[in-house]
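Visitor: The listed protein sequences derive, respectively, from chains A and B.
With the first letter of the first sequence counted as 1, position 178 gets the number 178 in the numbering used here; the numbers rise by one all the way through.
With the first letter of the second sequence counted as 1, position 243 gets the number 243 in the numbering used here; the numbers rise by one all the way through.
Check each hint, because a few of them may be wrong.
Claimed, not checked - If you anchor each label on the Cβ, the simulated ranges turn out as follows:
no., chain 1, residue 1, chain 2, residue 2, range
1, A, 143, B, 100, 34 to 44 angstroms
2, B, 100, A, 108, 30 to 40 angstroms
3, B, 80, A, 302, 53 to 63 angstroms
If you're looking for bench data, these hints aren't it; they were derived computationally from the structure.
A virtual CB, placed ideally from N, CA and C, is assigned to each residue, including glycine.
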Amino acid sequence: MASLETRLRDSLSYRVLNIPSLSSNINDSSGKPPNDKLAILFSGGLDCTVLARLAHDLLPSEEPIDLLNVAFENPRLQRNKRESTKEGNAYELCPDRITGRTSYTELTRVCPSRSWSFVTIDIPYSETQQHRETVISLMHPHNTEMDLSICNALYFAARGKGTIAISGKAAPYTTSARVLLSGLGADELFAGYTRHATAFKRGGFESLLSELELDVIRLGKRNLGRDDRVMSQWAREVRYPYLDEALLSWALNTPVPEKCGFEQPGFEPSVPGDADESATLDPDKKVLRCLAWKLGMKEVAKEKKRAVSAEQVMLPELQDTDLERRYSLELGLQRWKQAKRKARIF
Amino acid sequence: MCGIYCSLSKQSHVPPSEELQRRLRARGPDSKDSVSVTFDPELARPSVPSSNARDQTYLTFYSTVLSLRSSQVVTQPCQDEAGQFTFCWNGEAWSIDGERPSGNDTDAVFQLLTNALGECRWNGAGGTRGTGAFVPSAYTLASALSRIAGPYAFVLFDHVRGRLYFGRDFLGRRSLMVQTTGRDSLVISTVFDGEMDGDWAELETTGVHCVDLNLSGNVDNLHGAIDKAQLQAWGKFQVLTAPYPLVGDCNAGSSNSVGLLWTVRERLCSRVGRSFLYFL
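All chains, full assembly: derive it from the sequences and hints.
Guide: This is the structure in structure tokens:
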């Protein structure tokens, strides 16, 4: 775990230090000094929260960091939930919002000297529709509903227009940070996907290792170009600390038991102090959980892996057969639904 | 984030459309510029017997910049003082050979690549301007790029030798797309222009793609200098892809893409056999 921490700090130091500031120090409408340096795509999950925690250690304490958390209006689902929980604001029911707030609270407690801004980006259905053609055009030639769903989340997160709380009141706020950090890559490195656990159950570490290595190779053939087009159009640059070459090389060379914690007695990465409780951390991405624990972020270290429900960010119109007809689906309809359930957002 | 546009055509210059310019400027609001070049193989190599038709290629480069490494904006496309190279770079070279570049990384990478091409030796017919030097120059550039750690997409044109090189980093972190149209033109761009029927594809990330403008349309005149099987036809242009090296003078785990790819290759080979390499 010490090696992971060192390499992740190195990776972050390239990506968060010395970002030039272009502001003239005029406060924006919310009364806060503008942050034109760093924002983090923040679902509140383990990956991005560890990045936030480590970025805090690297940056001068007077520099603010924005945490961008997106939630979409999904009238069909949220109406049902609202009735059962009596929650007034539908967006607060989204799982990413709930995790986001929990992790934000922990960050402010563990790192009180930092000015964290938790930017809640709530997107009503009408606004999703308004930008639909733009997002489809940006992600081209990707053209499936799953692409659209993920790209919507990235597009509106990168736009960074939402609200922050000032003295308990919500104020409109748009981040002017030019650099965004994304936690993408941690799942590939540290066996975060459910299918990694399946591979392990099926064939032990050999099988798991093959899955992991294929994931790293496939990164080049996947979606980062699409994500670049969708997010950079807001004049921001996304950086992926987990996709640092040195960190990737180390991760591929590290024995899998040290990384994942999938049932190998005698391979527990050591954690100082309350070892009993840390031993109960979930096996997936164990080394990252141990790092979070060591850095004082115990709640996020214990967070259960959510079966990422596509309904969190997907749109009600996915039931619309007209759309299914309009957009070519590389997968057959059955496999498309299966892939939809496994869609990973951040 | 920056924006890159480069078009090659046998007919005339193909500038970016209004919509494409708007999208590129949205990505890179800090500066924009364009360069137009006409390459005539006969003028470049007067010793070569002239062909019947003038085989000129018209190149247009358009770049926008989002400046994030210093408060001073480096305008692109970059050109060297001698006017030999034009360079468009959308990327971050966090380190070159493990060392953080001093000064602006665009300049550092430009120097790295032009030096590598300058040092590329070819003792066959025609020297480094000869047809036979095309393939080694492409592999030399792929080697040079693999010394960089960081995301990128780039386009580099060698005016003197008439070669265009372009590509993305192995992990594909920056967008670069290509459009081949029936109108004798090839367009390389960070973003697409909105025409759904325009036959755009994302560029493969396996290596550096190269076009030798001396060759275009004259594949049959290669005289054995290049194995035709290495070339792919993209519209009217023959494209070679020089893969990023999987081995190099480095240790496993070193902080650049060569080290990473070496690690990946070695571990895969030990498990599934060398035939798996073709998957890459």
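Visitor: If a hint holds in the structure, say so; if it does not, say that too.
Guide: Checked hints:
no., hint, result
1, A/143 / B/100: 34 to 44 angstroms, "holds, 39 angstroms"
2, B/100 / A/108: 30 to 40 angstroms, "holds, 32 angstroms"
3, B/80 / A/302: 53 to 63 angstroms, "holds, 56 angstroms"
Comparing the model with each numbered hint stated earlier shows that all of them hold.
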